[in-house]
Structures are given as C-alpha cells and as structure tokens.
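This is what each chain is made of:
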Amino acid sequence: AQSVTQLDSQVPVFEEAPVELRCNYSSSVSVYLFWYVQYPNQGLQLLLKYLSGSTLVKGINGFEAEFNKSQTSFHLRKPSVHISDTAEYFCAVSEGRGSTLGRLYFGRGTQLTVWP
Amino acid sequence: GAVVSQHPSWVICKSGTSVKIECRSLDFQATTMFWYRQFPKQSLMLMATSNEGSKATYEQGVEKDKFLINHASLTLSTLTVTSAHPEDSSFYICSARDYGQNNQPQHFGDGTRLSIL
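Residue numbers (our numbering), protein chains in the order written: chain A, 1 to 116; chain B, 1 to 117.
It is worth saying that the hints were derived from the structure and are not from the lab.
Hints should not be assumed to be uniformly reliable.
As the list claims (entries may be wrong) - Label-pair ranges, simulated between beta-carbon atoms:
(1) B:His85 / A:Ile60: 32 to 42 Å
(2) A:Ser30 / B:Lys64: 41 to 51 Å
(3) B:Thr80 / A:Gly62: 32 to 42 Å
Claimed, not checked - Covered stretches of chain B (chain A as the covering partner; in silico rule of three or more C-beta atoms under 8 Å from a C-beta of chain A):
(4) 39-48
(5) 110-117
Keep in mind the model is a prediction, meaning the values are calculated, not measured.
Positions of the beta carbon are idealized from the N, C-alpha and C atoms, including for glycine.
Next up, chain A with everything else stripped away, as it sits in the complex (with noise of 0.2 Å):
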C-alpha cells in the first residue's frame, strides 16, 4: 500500500505571501499524483496532476506542483496567496498499474490558512 505524508498538518501565511505545501509518498513503482482542495463542508476540487511528463506541473487557481521522483516528493506552490485560497489541501497518490488502478491514497491534509 502506499503512504503518503504531508509533513505540515497546518500552515499559516500572510495573503500575497508565497506557500509551499509538502508532500512526501512511498512507491517503487510508477505513480500518478494528485493535489486536492477542499473547502468547508464540500467535496474534494482537483489543482492539478502529474501523469506523465514535464515534472512541474501547473493547476488552477494559480497552484503548481513539482514531481520529484529522486526524492518521492510533490510539494504545491503558490507565489501569491490570497485569502480565497484558504482551504484544506489533500495529497493523493495512485498507482500505475495492477489491481489498484484508479484507488486514491490520501496524505492527512494540510489546513492552509492565509490572513489579510
């Protein structure tokens, strides 16, 4: 099974400050990766994804991530927050192949809170 770690259970920022969430997973073999947001009392919004490709990965919102497969890492960035961008943010990994084909495993979420 896979794990998945998001080192930081909560991050505080100022808006217009830069962000970085981190995420750290266990795999060996190839994996797909997510980042989710989720707003109080509502379902999970995807960012953005690496499948394949170019490592850095640009979402919605302003969001990008970098797969780092050296490292096992996909941390998210965002050069500017804003106080929309307040939010709990989930990690999610999904293997390649086999019978765990489309299951997602989740990281513990990091609660992002930006202030004025």
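Please arrange chain B on chain A, whose structure you already have, making use of the hints.
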C-alpha cells in the same frame, strides 16, 4: 467538466434509522465509484470500491452489513447506513471514475453530512 452529484447534502436522523446516500455521475459513465468517510480535521478514509453490476469491495475494518453499497447502473451508486448510531455520524464523500479513463482523476461529490442523534 465532469460532475458528480451527491444527495442529500445534510441529513439528521434518530438512532436506529437507516439512511441512504446517492452518488450520481451526471455527464459520464462510471464503472467504478468510491465511498469515503471523513472525520473532522482528518483525511479521507476509503470505505469501499463500488463496481457496476457486481459486489462492492470493502476495506478492512468496514462492516459490509452496516454499510450497504449498491451500484445498479453506470451512473448511480448508493450507500445505505443501516441502523445508524451516533458513532456513524461523519462526512461521507463519493467519487467516480470515468469509464475507460484509467488513472484519470476521480471526480468527487460534495459530500453528505450525516448526524445521528
């Protein structure tokens, strides 16, 4: 874009009641749907994988007789919490994968807040 509709969004009921939650894929066919449970301030825990026309695959520790899953069509899966008790109170979220789109992102519903009194 692809949309998954989950209903109801909120439900409050008495202990001992059975509650049915519906998950629909509105503009695509979903051979596989997933049911998750989320406790406050925690991540999503996969409860079961629902496959159209066959029995659901439950994760270890999830009572299949307690959480009945039916996936009768390519656009609808239901989760029934039977004889619900206060400890079943939680946020339940479904997701669906587009038919033939292996490892493309799952599309999530908006969740159902279940409160058992």
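message: Just to be sure I understand the hint, the distance between the Cβ atoms of serine 30 of chain A and lysine 64 of chain B should be within 41 to 51 Å; is that true here?
response: violated, 32 Å
- request: Count residues of the region 39-48 of chain B with a Cβ under 8 Å from any Cβ of chain A, then say if the count reaches three.
  value: Satisfied; 5 residues make the cut.
- prompt: How about the region 110-117 of chain B: do at least three of its residues have a C-beta closer than 8 Å to a C-beta of chain A?
  reply: With 3 residues close enough to chain A, the hint holds.
Beta-carbon spacing of threonine 80 of chain B to glycine 62 of chain A - inside the hinted bounds 32 to 42 Å or not: Check passed, 41 Å falls within 32 to 42 Å.
field: Consistency of beta-carbon spacing, isoleucine 60 of chain A to histidine 85 of chain B, with hint 32 to 42 Å
entry: Hint holds: Cβ distance 39 Å, inside 32 to 42 Å.
Violation of the numbered hints given earlier is confined to hint 2; every other hint is satisfied by the structure.
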